[in-house]
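S.K.: Here is what each chain is made of, one letter per residue.
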Amino acid sequence: MTAVLSSSPDSIRLHDVTLARGGRVVLSQISLAIPQGSFVGVLGANGAGKTTLFHALLGLEPAVQGSMQINGQPVQRGHRSVGYMPQMRKLIGGQFTGWSMVASALHGQRWGLPWYGRAGRAAVDAALAAVDAQDLAQRPVAALSGGERQRLLLAQTLLDDPSVLLLDEPLASLDPARMRETVERIHTLARARNMTVLMSAHDINPLLGLMDHVLYLARGRALLGTVDEVITTKALTALYGAPVDVVRAGGRVFVVAEGGGSALQEHDCGGCGAHA
Amino acid sequence: MLDYDFMRTAFLAALLVALVCGPVGWFLVLRGQTFASHALSHVGFAGATGALMLGLSPLTGLAGGALAAGILMGLAGDRVAGRDVMIGLVLSVAMGVGALFLHLLTRSASAATALLFGDILGISPGMLGWLVLLSAGCLLGLGIMARPLLFATLQPEMAEAKGVPLQLLDVLFLALVAIATAECAQITGVLLVFTLMVAPAATVLRLGLSPLAGLGAAAGLALAEAWGGLILSWYTDCPTSFWIALLGGAGFLLVGLAQRLRAR
Numbered sequence: 001m002t003a004v005l006s007s008s009p010d011s012i013r014l015h016d017v018t019l020a021r022g023g024r025v026v027l028s029q030i031s032l033a034i035p036q037g038s039f040v041g042v043l044g045a046n047g048a049g050k051t052t053l054f055h056a057l058l059g060l061e062p063a064v065q066g067s068m069q070i071n072g073q074p075v076q077r078g079h080r081s082v083g084y085m086p087q088m089r090k091l092i093g094g095q096f097t098g099w100s101m102v103a104s105a106l107h108g109q110r111w112g113l114p115w116y117g118r119a120g121r122a123a124v125d126a127a128l129a130a131v132d133a134q135d136l137a138q139r140p141v142a143a144l145s146g147g148e149r150q151r152l153l154l155a156q157t158l159l160d161d162p163s164v165l166l167l168d169e170p171l172a173s174l175d176p177a178r179m180r181e182t183v184e185r186i187h188t189l190a191r192a193r194n195m196t197v198l199m200s201a202h203d204i205n206p207l208l209g210l211m212d213h214v215l216y217l218a219r220g221r222a223l224l225g226t227v228d229e230v231i232t233t234k235a236l237t238a239l240y241g242a243p244v245d246v247v248r249a250g251g252r253v254f255v256v257a258e259g260g261g262s263a264l265q266e267h268d269c270g271g272c273g274a275h276a
Numbered sequence: 001m002l003d004y005d006f007m008r009t010a011f012l013a014a015l016l017v018a019l020v021c022g023p024v025g026w027f028l029v030l031r032g033q034t035f036a037s038h039a040l041s042h043v044g045f046a047g048a049t050g051a052l053m054l055g056l057s058p059l060t061g062l063a064g065g066a067l068a069a070g071i072l073m074g075l076a077g078d079r080v081a082g083r084d085v086m087i088g089l090v091l092s093v094a095m096g097v098g099a100l101f102l103h104l105l106t107r108s109a110s111a112a113t114a115l116l117f118g119d120i121l122g123i124s125p126g127m128l129g130w131l132v133l134l135s136a137g138c139l140l141g142l143g144i145m146a147r148p149l150l151f152a153t154l155q156p157e158m159a160e161a162k163g164v165p166l167q168l169l170d171v172l173f174l175a176l177v178a179i180a181t182a183e184c185a186q187i188t189g190v191l192l193v194f195t196l197m198v199a200p201a202a203t204v205l206r207l208g209l210s211p212l213a214g215l216g217a218a219a220g221l222a223l224a225e226a227w228g229g230l231i232l233s234w235y236t237d238c239p240t241s242f243w244i245a246l247l248g249g250a251g252f253l254l255v256g257l258a259q260r261l262r263a264r
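Residue numbers (full-length UniProt numbering), protein chains in the order written: chain A, 1 to 276; chain B, 1 to 264.
Please keep in mind that the hints were generated in silico from the structure rather than gathered at the bench.
Please read all numbers here as calculations on a predicted model, not as lab measurements.
Glycine residues also receive a C-beta, built at the ideal position from the N, C-alpha and C atoms.
A portion of the hints provided could be inaccurate.
Unchecked claim - Cβ-to-Cβ under 10 Å is the rule here; a few derived chain B residues that face chain A: (1) 8; (2) 12; (3) 31; (4) 145; (5) 161; (6) 214.
What the hints assert, rightly or not - Sample of chain B residues lacking proximity to chain A, with all beta carbon distances greater than 12 Å (derived): (7) 32; (8) 72; (9) 116; (10) 127; (11) 142; (12) 150; (13) 152; (14) 208; (15) 209; (16) 238; (17) 257.
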């Protein structure tokens, strides 16, 4: 299915794209166009293809078929205008200060010594300021909280002044209060710099009211549209090919699969059917 | 003490080796690959004994063996380099082969001691020439790849997305480690490569310096410990390797203690 959202120039355009991981087709014959400056929440259960889609857009894994374009150019590895924030994982080099950690990503692909020069140091300072992390600059990273470390990661992705940001589960390890704060911060940054943002998430609620579009992945297919278009019982039932209910309660949205489980969360975590 | 030729040669050799071991060790500790480097030195031992059997210089065998093992380890990636059991197996097989070669050698006892525990006072001017070449090559190589290597070490996924060739860097770095190991073994012996390669670097990493300052400080501390070991061994008649090992351990502990006290 093709979804053309508005008349502004397309930032990301996929045509008839099939992606596989480990020989298994994850997304099949996807076509979509995301306009420049759009803030897109990428939703789907584990294994629905969120990370695979990001890897493909980064040029790390070629598509089985179809064409992918970013800013009108074919997808390629190391594209300067594409920023990528991976999921947080085990910390390496926790004894470094926040400043050194962020600086390590400054033109990190260039050969030579990690010597940054005046312009480089100014760029690092500016990236830290953009995420309000000046106060983290001189503290060892190991002493920072998850949310603070994530601000440093975000600062690193801003160093190249990207026009497209791919954020892989930035809310995964945050407590609920920090989730909304993080989404708001990214949203403000994206608006100010006219960046296109694709942010994958397990829960739609922290993104509600801030995202322009939802990209919903399920059963190898993708559905792109506004929240009101995509997060409906009818649209999601068609996407899943099975009865799915969208329940709105207390200003929050819940996507519930037949049998009572949540359609987005892993099903082995009993109590978390409370989230969409 | 500097009136003697062999002492001047020893101080020069220690300088050449420490300047490489410090910075290479700094990355090694940061990347969590210290055990891999330990294994490289043991493969180097098998190479050195093999070279002795063939009538070649032990340094050639050490460097050759360690280099081959380092490149293979880098190519195998996390399947080997990150796995204790695999590395332990490689290490023990290499030591076993080295023991066999030693057994087949007639003048085995003195050769074994020199290889295992180092013989800094026995370094010949010819060997010094080789150390100059190897050290210059290592520092040049590290200088070229330091920036992407740092990025790839701290943020591998982000670095890969930005086009940093992770596996190439892994292979190149382990090759550097292999050469540094071979150099270091000339001074400390294969069993004590850790003392110059890991101890100063780990001590410096505790300080939380910025990367460039840390690389420099690691070289400086390695040099101080190597020269300190030489001087102490001159006045006490204990082996140099003993003093370097002791200084390395003491430095690491002292920095840790100082940090504990300051944190209170």
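S.K.: For every hint, state whether the structure bears it out.
M.R.: Status of the hints after comparison with the structure:
| no. | hint | verdict |
| --- | --- | --- |
| 1 | 8 | 31 Å, violated |
| 2 | 12 | 25 Å, violated |
| 3 | 31 | 8 Å, holds |
| 4 | 145 | 6 Å, holds |
| 5 | 161 | 4 Å, holds |
| 6 | 214 | 9 Å, holds |
| 7 | 32 | 8 Å, violated |
| 8 | 72 | 24 Å, holds |
| 9 | 116 | 33 Å, holds |
| 10 | 127 | 29 Å, holds |
| 11 | 142 | 9 Å, violated |
| 12 | 150 | 5 Å, violated |
| 13 | 152 | 8 Å, violated |
| 14 | 208 | 4 Å, violated |
| 15 | 209 | 9 Å, violated |
| 16 | 238 | 33 Å, holds |
| 17 | 257 | 17 Å, holds |
Hint violations for this structure: numbers 1, 2, 7, 11, 12, 13, 14, 15, all remaining hints satisfied.
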